[in-house]
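> One-letter residues, chain by chain:
There are 2 protein chains.
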Amino acid sequence: MLNSVTDDFRQHLRSLLPDAAFRELTDAYLKEPRGRYAAGDGFLVAPDSVDQVSRIMRACSNGRVSVVPYGGGTGLVGGQIASKNVTPVILSLERMTRIRDISPIDNVAVVEAGAILQSVQEAAQDADRLFPLSLASEGSARIGGLLATNAGGVNTLRYGNARDLCLGLEVVLADGTIVNGLSRLRKNNTGYDLRHLMIGAEGSLGIITAASLKLFPQPAGSATAMMVVKDPQAALGLLALAGSRLGGQISAFELISRVGLDFLAEVGPDIKTPFAETPEWMVLLDVGTFAGVDPETALEDLFVKASEDGMVSDGVIAQSEGQRAEFWAIRESIPEANRRIGSVSSHDISVPIARIPDFIDEAPGRLAMIGQFRINCFGHMGDGNLHYNVFPMPGKSREDHQSDRAEIKRVVHDLTHEMEGSISAEHGIGRLKVDDLITYGDPGKLAAMRLIKDALDPLGILNPGAVLAQPDH
Amino acid sequence: MLNSVTDDFRQHLRSLLPDAAFRELTDAYLKEPRGRYAAGDGFLVAPDSVDQVSRIMRACSNGRVSVVPYGGGTGLVGGQIASKNVTPVILSLERMTRIRDISPIDNVAVVEAGAILQSVQEAAQDADRLFPLSLASEGSARIGGLLATNAGGVNTLRYGNARDLCLGLEVVLADGTIVNGLSRLRKNNTGYDLRHLMIGAEGSLGIITAASLKLFPQPAGSATAMMVVKDPQAALGLLALAGSRLGGQISAFELISRVGLDFLAEVGPDIKTPFAETPEWMVLLDVGTFAGVDPETALEDLFVKASEDGMVSDGVIAQSEGQRAEFWAIRESIPEANRRIGSVSSHDISVPIARIPDFIDEAPGRLAMIGQFRINCFGHMGDGNLHYNVFPMPGKSREDHQSDRAEIKRVVHDLTHEMEGSISAEHGIGRLKVDDLITYGDPGKLAAMRLIKDALDPLGILNPGAVLAQPDH
Numbered sequence: 001m002l003n004s005v006t007d008d009f010r011q012h013l014r015s016l017l018p019d020a021a022f023r024e025l026t027d028a029y030l031k032e033p034r035g036r037y038a039a040g041d042g043f044l045v046a047p048d049s050v051d052q053v054s055r056i057m058r059a060c061s062n063g064r065v066s067v068v069p070y071g072g073g074t075g076l077v078g079g080q081i082a083s084k085n086v087t088p089v090i091l092s093l094e095r096m097t098r099i100r101d102i103s104p105i106d107n108v109a110v111v112e113a114g115a116i117l118q119s120v121q122e123a124a125q126d127a128d129r130l131f132p133l134s135l136a137s138e139g140s141a142r143i144g145g146l147l148a149t150n151a152g153g154v155n156t157l158r159y160g161n162a163r164d165l166c167l168g169l170e171v172v173l174a175d176g177t178i179v180n181g182l183s184r185l186r187k188n189n190t191g192y193d194l195r196h197l198m199i200g201a202e203g204s205l206g207i208i209t210a211a212s213l214k215l216f217p218q219p220a221g222s223a224t225a226m227m228v229v230k231d232p233q234a235a236l237g238l239l240a241l242a243g244s245r246l247g248g249q250i251s252a253f254e255l256i257s258r259v260g261l262d263f264l265a266e267v268g269p270d271i272k273t274p275f276a277e278t279p280e281w282m283v284l285l286d287v288g289t290f291a292g293v294d295p296e297t298a299l300e301d302l303f304v305k306a307s308e309d310g311m312v313s314d315g316v317i318a319q320s321e322g323q324r325a326e327f328w329a330i331r332e333s334i335p336e337a338n339r340r341i342g343s344v345s346s347h348d349i350s351v352p353i354a355r356i357p358d359f360i361d362e363a364p365g366r367l368a369m370i371g372q373f374r375i376n377c378f379g380h381m382g383d384g385n386l387h388y389n390v391f392p393m394p395g396k397s398r399e400d401h402q403s404d405r406a407e408i409k410r411v412v413h414d415l416t417h418e419m420e421g422s423i424s425a426e427h428g429i430g431r432l433k434v435d436d437l438i439t440y441g442d443p444g445k446l447a448a449m450r451l452i453k454d455a456l457d458p459l460g461i462l463n464p465g466a467v468l469a470q471p472d473h
Numbered sequence: 001m002l003n004s005v006t007d008d009f010r011q012h013l014r015s016l017l018p019d020a021a022f023r024e025l026t027d028a029y030l031k032e033p034r035g036r037y038a039a040g041d042g043f044l045v046a047p048d049s050v051d052q053v054s055r056i057m058r059a060c061s062n063g064r065v066s067v068v069p070y071g072g073g074t075g076l077v078g079g080q081i082a083s084k085n086v087t088p089v090i091l092s093l094e095r096m097t098r099i100r101d102i103s104p105i106d107n108v109a110v111v112e113a114g115a116i117l118q119s120v121q122e123a124a125q126d127a128d129r130l131f132p133l134s135l136a137s138e139g140s141a142r143i144g145g146l147l148a149t150n151a152g153g154v155n156t157l158r159y160g161n162a163r164d165l166c167l168g169l170e171v172v173l174a175d176g177t178i179v180n181g182l183s184r185l186r187k188n189n190t191g192y193d194l195r196h197l198m199i200g201a202e203g204s205l206g207i208i209t210a211a212s213l214k215l216f217p218q219p220a221g222s223a224t225a226m227m228v229v230k231d232p233q234a235a236l237g238l239l240a241l242a243g244s245r246l247g248g249q250i251s252a253f254e255l256i257s258r259v260g261l262d263f264l265a266e267v268g269p270d271i272k273t274p275f276a277e278t279p280e281w282m283v284l285l286d287v288g289t290f291a292g293v294d295p296e297t298a299l300e301d302l303f304v305k306a307s308e309d310g311m312v313s314d315g316v317i318a319q320s321e322g323q324r325a326e327f328w329a330i331r332e333s334i335p336e337a338n339r340r341i342g343s344v345s346s347h348d349i350s351v352p353i354a355r356i357p358d359f360i361d362e363a364p365g366r367l368a369m370i371g372q373f374r375i376n377c378f379g380h381m382g383d384g385n386l387h388y389n390v391f392p393m394p395g396k397s398r399e400d401h402q403s404d405r406a407e408i409k410r411v412v413h414d415l416t417h418e419m420e421g422s423i424s425a426e427h428g429i430g431r432l433k434v435d436d437l438i439t440y441g442d443p444g445k446l447a448a449m450r451l452i453k454d455a456l457d458p459l460g461i462l463n464p465g466a467v468l469a470q471p472d473h
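Here the protein sequences come in this chain order: H and G. With UniProt numbering applied, the first sequence covers 1 to 473. With UniProt numbering applied, the second sequence covers 1 to 473.
Because the hints were derived from the structure by calculation, they are not lab data. Mixed in with the good hints, there may be bad ones.
Since the list gives no way to pick out one identical chain from another, each pair is judged satisfied if it fits inside one copy or across any two copies.
Here are the simulated lysine to any residue pairs, SDA-like style, with alpha carbons at most 25 Å apart [unchecked claim]:
(1) K272 with G63
(2) K305 with D126
(3) K409 with R163
(4) K230 with I370
(5) K84 with S103
(6) K84 with G460
(7) K305 with D128
(8) K272 with R366
(9) K230 with P104
(10) K84 with D294
(11) K305 with T439
(12) K31 with Y440
(13) K305 with F216
(14) K230 with S119
(15) K305 with A291
(16) K409 with N180
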């Protein structure tokens, strides 16, 4: 049984930490961005060092008090919001924002968990390097949370997920033990990889306090194109062609459907494609090239070859930085248009890349058994990651389909599972998908996860109810 | 307390598995390639399916019998060789060699743990894809062992270690539980990452039975060069220059010292560099380029720029496949020359890349306090990974320095540790470095490792004595 924070416990923490560690609890710490999760109460503590984090964890462990780690608060699955029936310590990393070191020769940045992604990107750029993790919330998401949820984003096709960008971690375990694993090494085979165990564990196995991150040379040139494809199958062909011609120079390959573009026209933001007619399907392509490769020429050559092969029917290569930004604004505005329309149910799924066309063919028929919907399917096709969102027909609202939501989710997740896909491609499990993980997860994996959780957090104080259901004890 | 295999237990296993699973135990299963480890006895079992592996593990778990997993037997740290005082089950994956699937669209191969690396490379090539893991023992090393030890090799600079090439694993846990994690997905955030926990655990947490592996487009062109550099500092400058100009197209950057070339001249194999004078330091560079980049021109341009900057004094670009093979033969023959000379002590270390010149400057002075030695320092500079091997002077032998060995190792490892390096960059811990891991490992990490080991293998039957010391119980 976990204990709520009591007055005595508050007093005890105050005696362990400097005054600056205590901040006013605002609503932001208790509600997630979409308002779907809200906590009852919490005791906000913002330590300034790994040693202070260790002291907090030791105290919480001794007092059997639960701890909810808090980064930028941008998570979409409720991982940062405690359940209503306890008052946990909300451990915010917001004061641990230092960029401890940037080494362009090692291609490594060592940063604290509270550093905001954008500031890490900027620090890398100042050292003539690239930190490629990039996503819509980069102005507020913090490194610790990005690693704890193994964030994805738009550059994963080339550079991988957050996991792939991390060389080492400094972590505090449930009992306050500090694991110093801030390695800068590219090769290090000395025992179990705790780093990867903590990444994606969503704060349920330990508190990430700092990370060493991989940096990359900045591409010599870059360019962006939009290409119209007949259907997802043609997009898949284009992806393979681009891969064989440009290899690791492709940094984004985003699929966009007509529905998303119609949504933009219907509710804004007011952004249009460069095409005279709204295409049924289009692809947004980004390349970052090496010395000797002209990025525009590379995209042009790709377009010519793809046209010859009948994969693309129209295409535009951005002619300026301004136009590149416009192209990307289309992609980045679709989530906002989605919010304005109001989805009945949205899904962050992935399937093996080769199955994407099958999935997009098959799902609408199954959903039609439930009712009439508009489907906005878009996302990181190069990674097999689709945001498959189901909307009401014009004139209907999200509320009209309240009773359909569970069934829609089941249909989308069942099909994903049949196609050996994932019910959470990049957002994680949090509290939202704990039951889905039980339904669709491999039983052997779940058993092993429970053993690991119980071993590293025997009292169950770390982010209880996230990833794994809280046992009744 | 673990039990040795008894006649009754043999009988029991024979009742659970088909006859074909039982093979004659030869010396190969009891001795590692360099003859430094030898087991007393063992009971060889070669299952043909994950289900059979599960049955074996369940039986061993019930009987508290230890299990040593066996792949290609090429490991260099004794991880595949049981200690003398027990008779374990030697669980060989040699019959699970199927390549279950190759999907060029997904860029995925699903292979069984017993598949030999070279056969996986060839299967990928037949599908016009590249599986980039490559190392000297690729003709006999098996995928399961390569993943269990997170093997490195010559292409890690570009493609990462074995860990980075794996999308998912099928694993059998100590109690026989099957974890089916053969994901083909590039993005999948559904719970703890057991895959990365098993990779590098050297069979001490579970038996890898199959893996889904990343494939890559084959480079459009490739080329190889040798460049003479003044010293390791100049090599570091060349590495950074190559990185900024060619980015992810560089697949190998190997540092070779004069000592290694002298060894080749002294004891063979009879292979010479293309340079009139034996250089003090040289670099072997491999590039695999994308469409539109001529690989020879890319290397030429790099050489010209590096010459202007004073980094390189001479260089040759291979003019044929035959010459490329000759260049690589120099690098690949150095370990054989080393064996013929007979090292006093050899070390597989890594340091942050920026520290390599310091390390190479500092170590000889410290070793000179012990005695007079020849040092052959070579390796994967692009990964920060040096094979730092200490040899007797001419006229002396390995045996003459028997009493110096421990001290040499201590000096090299201490310096590595001071420079925040790793005492095992790519070979793993096995049984050879268990004590070193205790000495140099982070105490917090070791504590967490022990908790995980005890949780997943509470009886301690999985590869006992590898990675972590066997507890007395």
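> Go through the numbered hints given earlier and state which of them the structure violates, listing their numbers in rising order.
Failing hints, ascending: 1, 3, 4, 5, 8, 10, 11, 12, 14.
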